[in-house]
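Q: Start from the sequences and build out the full structure, keeping to the hints where you can.
Taking the numbering used here, the leading residue of the sequence shown gets 1, the next gets one more, and so forth.
Just so you know, the hints here were simulated from the structure itself, not pulled from any lab data.
Cβ coordinates follow ideal geometry from the N, Cα and C atoms, glycine included.
There's no promise every hint is true.
What the hints assert, rightly or not - Below, a list of computed lysine-lysine pairs in the DSSO-like style, where the Cα atoms sit at most 30 Å apart:
1. K159 with K246
2. K106 with K59
3. K246 with K83
Said to hold, decoys possible - Now the in silico label distances, taken between C-beta atoms and shown as ranges:
4. V178 with Y274: 22 to 28 Å
5. N145 with V218: 17 to 23 Å
6. G217 with N145: 18 to 24 Å
7. I76 with E111: 15 to 21 Å
8. Y274 with P186: 42 to 48 Å
9. L122 with R234: 23 to 29 Å
10. K287 with Y172: 42 to 48 Å
11. I6 with C230: 24 to 30 Å
12. E286 with R102: 26 to 32 Å
13. K158 with R234: 22 to 28 Å
14. G109 with P177: 17 to 23 Å
15. I6 with R214: 36 to 42 Å
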Amino acid sequence: MNAIFIPEFASWESTLRCSMECEHCGLGAGPFSGGIRGGELNTCEAVEMFSDLASLGVKKFIASGGEFTARNDWKILLIELLKRFDMVRQITNGWMGSAMLRNIEKIPGCERMVLSVSVDGLQFTHDANRRTGSFEKVSEIFSDNSPIHRTAITTVMKKNFNELEDIFLWLYQIGVPVWSIQLGLPEGRMPESEFIGIDRMKILTDKISNWQRRALGVMEIIPDDCFGYCHPMRDMYPWCGCQAGKNLITILSNGDITGCPTTFYAPCGNIREYTIHEIWNGSKMEKFRSEIPVCDSCINEKCLGGCRAVERCFGKQFCFT
Numbered sequence: 001m002n003a004i005f006i007p008e009f010a011s012w013e014s015t016l017r018c019s020m021e022c023e024h025c026g027l028g029a030g031p032f033s034g035g036i037r038g039g040e041l042n043t044c045e046a047v048e049m050f051s052d053l054a055s056l057g058v059k060k061f062i063a064s065g066g067e068f069t070a071r072n073d074w075k076i077l078l079i080e081l082l083k084r085f086d087m088v089r090q091i092t093n094g095w096m097g098s099a100m101l102r103n104i105e106k107i108p109g110c111e112r113m114v115l116s117v118s119v120d121g122l123q124f125t126h127d128a129n130r131r132t133g134s135f136e137k138v139s140e141i142f143s144d145n146s147p148i149h150r151t152a153i154t155t156v157m158k159k160n161f162n163e164l165e166d167i168f169l170w171l172y173q174i175g176v177p178v179w180s181i182q183l184g185l186p187e188g189r190m191p192e193s194e195f196i197g198i199d200r201m202k203i204l205t206d207k208i209s210n211w212q213r214r215a216l217g218v219m220e221i222i223p224d225d226c227f228g229y230c231h232p233m234r235d236m237y238p239w240c241g242c243q244a245g246k247n248l249i250t251i252l253s254n255g256d257i258t259g260c261p262t263t264f265y266a267p268c269g270n271i272r273e274y275t276i277h278e279i280w281n282g283s284k285m286e287k288f289r290s291e292i293p294v295c296d297s298c299i300n301e302k303c304l305g306g307c308r309a310v311e312r313c314f315g316k317q318f319c320f321t
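A: Here it is in C-alpha cells:
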C-alpha cells in the first residue's frame with residue numbers, strides 16, 4: 001500500500017515580478033518578468049488555492065516570489081492567509097523598509113507572521129548584488145521596534161563567501177534571532193562561476209558549526225537542504241531526506257504544482273485544470289516522490305538522496321562527512 005502524505009508546508013512562488021534583478025536569482029525574476037511562466041494567479045484564484053491547501057492539511061505557508069509585495073493585492077492576500085494557516089512566512093528583499101512592517105501590523109493575526117529578509121552581505125556587497133540603497137532598507141527593517149518576527153536569509157556565492165563572518169557578527173549584534181544559510185545554485189541569472197564548489201562547501205559547514213556554538217541561545221543558524229547532510233552542523237537540525245512532495249507542496253506563479261520550490265522539475269499539474277487534491281494524490285506526484293536521486297558516495301544510507309535541486313543542476317550530490 002502506498003504511503004499517504006499530508007503536507008504541513010506550502011510554498012507559493014506568488015509572482016516573478018520583483019523590484020530588483022539580483023545577480024544570483026535562480027528564477028530570473030525582475031520588473032518585467034511577471035509573465036514568463038504564463039498568466040499569474042489572480043486574487044480570487046489565489047484565495048481559492050489557500051482554502052484548498054488548508055483542506056489538504058497544510059498548516060504553514062511560505063509566500064515568496066519574485067517579490068510578494070510586487071503584487072498589488074499582497075495585503076489582501078496576507079489577510080486571507082492568516083485566516084487559514086497557523087504560520088505565514090513572507091520572504092522579501094526588504095525594499096519597502098519599515099513601511100512593510102507598518103502595513104503588516106494592521107493585519108489581524110500578524111503575530112503569526114514571520115518576515116524573512118534577504119541579506120547578501122554588508123552594504124557594498126549587498127547593494128552591488130541588488131540595488132543601491134537596499135542595505136539601508138534591510139537595516140531599517142531589522143532595527144525597527146516592531147512586534148513582527150523577523151529573520152535573515154543569505155544565499156552564499158563566491159562574491160560574498162569571504163564576508164560571511166562579517167554578516168554573522170552584524171546579525172548577531174543587532175539581535176536577529178534566526179539566520180538561514182543557503183547555497184546559490186547556477187540557474188536563472190546566476191552563472192556557474194559564482195557557485196562556491198565543494199571545497200568551499202566543506203569550509204562553509206565548519207563555519208556554520210562554529211557560528212552555531214558561538215550564537216547558542218541567542219541566534220539560530222539554520223543550514224538549508226542543499227549540503228552537509230552528515231556534518232555536525234546538522235546535529236540540531238537532523239537531515240530527514242528531501243521533503244518535496246511529502247511534507248511540502250509548491251505552487252508556481254501560474255498555478256503549476258510541483259514538489260521542489262526551486263522548480264527544477266516538471267510540474268505535476270495545474271490548479272486551473274485539476275484540483276489540488278487530485279494533483280497531490282495523482283500519479284505524477286507519486287512518481288516524483290519515488291524518484292529519489294542516488295548518491296554515489298553513500299548509496300543513500302546517510303544523505304538519503306540529498307537535495308533534488310543540486311542533483312538536477314550538477315547530476316550528482318556533493319556529499320561529505
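Q: Are the hints correct? Go through all of them and say.
A: Hint-by-hint comparison with the structure:
1. K159 with K246: 34 Å, violated
2. K106 with K59: It holds: about 22 Å lies between the C-alpha atoms, which stays within 30 Å.
3. K246 with K83: Satisfied, since the Cα-Cα distance of roughly 24 Å is no more than 30 Å.
4. V178 with Y274: 22 to 28 Å: With a Cβ separation near 36 Å, V178 and Y274 fall outside 22 to 28 Å, so the hint is violated.
5. N145 with V218: 17 to 23 Å: 19 Å, holds
6. G217 with N145: 18 to 24 Å: 23 Å, holds
7. I76 with E111: 15 to 21 Å: 19 Å, holds
8. Y274 with P186: 42 to 48 Å: 32 Å, violated
9. L122 with R234: 23 to 29 Å: 28 Å, holds
10. K287 with Y172: 42 to 48 Å: Between K287 and Y172, where Cβ atoms are some 44 Å apart, the hint holds.
11. I6 with C230: 24 to 30 Å: Given range 24 to 30 Å: holds, Cβ gap about 28 Å.
12. E286 with R102: 26 to 32 Å: Between E286 and R102, where Cβ atoms are some 45 Å apart, the hint is violated.
13. K158 with R234: 22 to 28 Å: Holds, since K158 and R234 (Cβ atoms, about 24 Å apart) stay within the stated range.
14. G109 with P177: 17 to 23 Å: 20 Å, holds
15. I6 with R214: 36 to 42 Å: Holds, at about 38 Å.
Consistency note: the structure conflicts with the earlier hints numbered 1, 4, 8 and 12.
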